[in-house]
Every structure is written in structure tokens, then in C-alpha cells.
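Chain residues, written in single-letter form:
Protein chains: 2
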Amino acid sequence: MQFTSQIVEKAVDALSGFPGIGRRTALRLVMYLMKRPESEVGSMAESLIKLKTELQFCNKCGTVSDNKICGICSSPNRTEKQICVIEDFSDLMALEGTGQYKGLYHVLGGLISPMDGVGPNDLNIESLVQRVSEEKPEEVIFALSATVEGDTTMYYLGKKLEPLNVKISCIARGISIGGELEYIDEITLGRSLLQRTTYTTS
Amino acid sequence: MQFTSQIVEKAVDALSGFPGIGRRTALRLVMYLMKRPESEVGSMAESLIKLKTELQFCNKCGTVSDNKICGICSSPNRTEKQICVIEDFSDLMALEGTGQYKGLYHVLGGLISPMDGVGPNDLNIESLVQRVSEEKPEEVIFALSATVEGDTTMYYLGKKLEPLNVKISCIARGISIGGELEYIDEITLGRSLLQRTTYTTS
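Residue numbers (my numbering), protein chains in the order written: chain X, 1 to 202; chain B, 1 to 202.
Excised from the complex, chain X in its bound form (with noise of 0.2 angstroms):
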């Protein structure tokens, strides 16, 4: 692309960087931004800019927060029982989306995965043990991805928790709502066979 600006070029290239945003998007996203008012355009970087400068995560659970303990952890209608185990905020939001939920959540901040360098010192996982062991809850629930980074990363927790004697449960995987059988994954439909639940009219 040649660029008669190099103000332009430089935005361009700001906003190429985001993950799945190509040049091509990023000079229509620059077009839009030139026609917005200026005022618009300054509160956009100024939000920005805080999510590096004044963004907290909650002492607790390490979800992102504007305190230093998160609505949900500091929540008088929230059970203590329960500790959900997620991977990231995002996975938090998507739970709370559902309104099945009403305990607590620890996020790890990422899944073990040796391919990408990450590996258990990494993650919130020390935190999480000394959680477990001082609120004592009675259930932990691992709500992480089906995939591999995710049952490595279950199986390392599950061994950590083990010795403190806390109920540990994983969320169900098989097929989903919705979904027809013809179209399902081999090994979704053959998992979600081998693990099927008691079916009632009632």
C-alpha cells in the first residue's frame, strides 16, 4: 500500500497489529476514525490507554477490576462454596451470561501448554491451592477449554487439589444444544455416548 500520509500509515500499522485486523481493515477502520469527531476519537485512545494504566485485578480471584477485590468476590449474595476455575476474564463473563452460577471464580490467567512456553509458574495456580486450603470451599469446578492445553492443565490441577479434600468437578462436554447428530465430531459424539445421564420424563 502506498500511503500518501504518513500519519495514516502509522495509525494503519497501530491497528494492524490487533490479532485477525489486516491492513486492508485497518485503513477502513482509519477512514471511519477520520470522520468521527475529534472528541470521539480522543475518549476511544484514552480508554486506551487506562486499560494499561489503571486496570487492577481483583487480589482474590485475579479478574480484571477497578478495586483491588472485584464485584463478584466482594458480593454478599455470592456462595463461598463453590470456586470456578476458569482461563481468562472473557470466560468469566460468558459464565455469568448464563446466570447458573452464584459462587466464586478463580482465574488462571491461561492454560499449560509447553508448545507456547507456558507452564504452571505461569499461571495463578499457587493462589488458587492456597485458597482451596484456607476458604475451604466445597466444590471446585474446572470450567476450562475441551481441548488439549485444557485437560493438561485440569490433570495438574486435579493433582495439586487432591490432598485437600475438596470436591472437584469438571463442566459436562458433549454435544450441543441444538446440534444435530450427523454433523457432530466423532469423538464429541463417542465421548458424549460413553457419558450419558440418566433420562426422565419427570
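FYI, nobody ran anything at the bench for these hints, they're computed from the structure.
Keep in mind that a hint or two might mislead.
Because identical chains share one entry, a pair is satisfied inside a single copy or across any pair of copies.
Calculated lysine-lysine pairs in the BS3-like style (CA-CA distance at most 30 angstroms, straight line) [stated by the list, open to error]:
no.	residue 1	residue 2
1	K52	K35
2	K10	K60
3	K136	K160
4	K102	K81
Just so you know, these numbers come straight off a predicted model, no measurement behind them.
Given chain X, put chain B in place with the hints provided.
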């Protein structure tokens, strides 16, 4: 989406204002930014602000520029005999990418579109008429989109430029290079049949 941080929510709101970027994608971009160094996020924010505060438009052709006259208009290697009329500076970049054009440009800043409330007075049309009558180029080339808006704009410009006795041309419309005949829409195919060109083997 339920956010545990206002700062994250505001950043997601800001980024999801971009065309084609929903809240889920915006969240992914925010999570990417959170993992980048503060200096990188800062320089990205700065480059966006500069789009509104420092960017100029060439006084002659209207494209984005860091100076009062852009690099193309001030270049001694470009011929002043041709003026290519385009919608926006991204079209200029596309045309420069072909390496087939050595003339000057004129950026309209949009197309006539009554549906969107864009009339001739909202575009750089008067400056084009003035330029043609003063600079007396040999040819004005319309390189506008093959849409209703593009055709409307070409018709209007054609009427405006007719009295100035300048040769007016329009970039060729037809089947794309590499296009297979059976997949080409009927209107394009019909038109490319009507506007067929002489074929020689030499």
C-alpha cells in the same frame, strides 16, 4: 455481557463502534491490548489522536497529506495532462498499487447519494471544475465505483465538465481478470458483451 471492570467495558464500547467490529471481537482486541506493553498501547492511542489533530488534506487534489500539497501533486515525475477523479484516498492507494497511472488525482470525498443525504455540494466538485478550467488537462478519467451512486456522480460530473471541452473517460467495466464466465453476474456479462473491444493477436 457482564463486565467486572468499567475500564474494560468502556474500551469495549469504544472499539465496538468501529464498522464490522461487534462486542465480542472488541473484547478480544481489548484482551490483546492488555497483554501488550504500555508504550505500545500509548503510541497506538497517540497515532489515532493524530488522525484528527495533525492530518491535513492536499489543497490541490484533496487527498490525505502531511503537508499542504501532497507528494503526488508536488512530484515532478507526474504528468499534469491527466486528472483521475476518485471517491476517497483509499482508491488513490489502490490505483497507485497498479503502477499504471502517472497523472494527478482529484478526491471527491464521497459519491452523490440522495439516500444518504449526500448532494453535489457536499463533495469536492466545484474545486474539480475550477481545476479543469484553470489547469486545462487533456483528459479527465472517472475511476468511480460501478454502483448507482458512482453512475449518478459520473453523470453529474459529465454535465459539469462538458462545457470545458476536455476529453472525459471512464475506467473499463467488464469481467474480472481470472473470472470464470459461468460465475459472472448477468449484468456485468451483458455489459462486457456490448462494450467488447477489438482483439488482435499481435
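Do the hints match the structure? See the list:
For a Cα distance limit of 30 angstroms, the shortest separation of K52 from K35 qualifies both inside one copy, at 27 angstroms, and across copies, at 9 angstroms. For a Cα distance limit of 30 angstroms, the shortest separation of K10 from K60 across copies, 23 angstroms, qualifies, whereas the shortest one inside one copy, 40 angstroms, does not. Proximity of K136 to K160 under the C-alpha cut-off of 30 angstroms is restricted to the intra-copy arrangement: shortest distance 15 angstroms within a copy versus 81 angstroms between copies. Proximity of K102 and K81 under a CA criterion of 30 angstroms is satisfied intra-copy only: 10 angstroms inside one chain copy versus 73 angstroms between copies.
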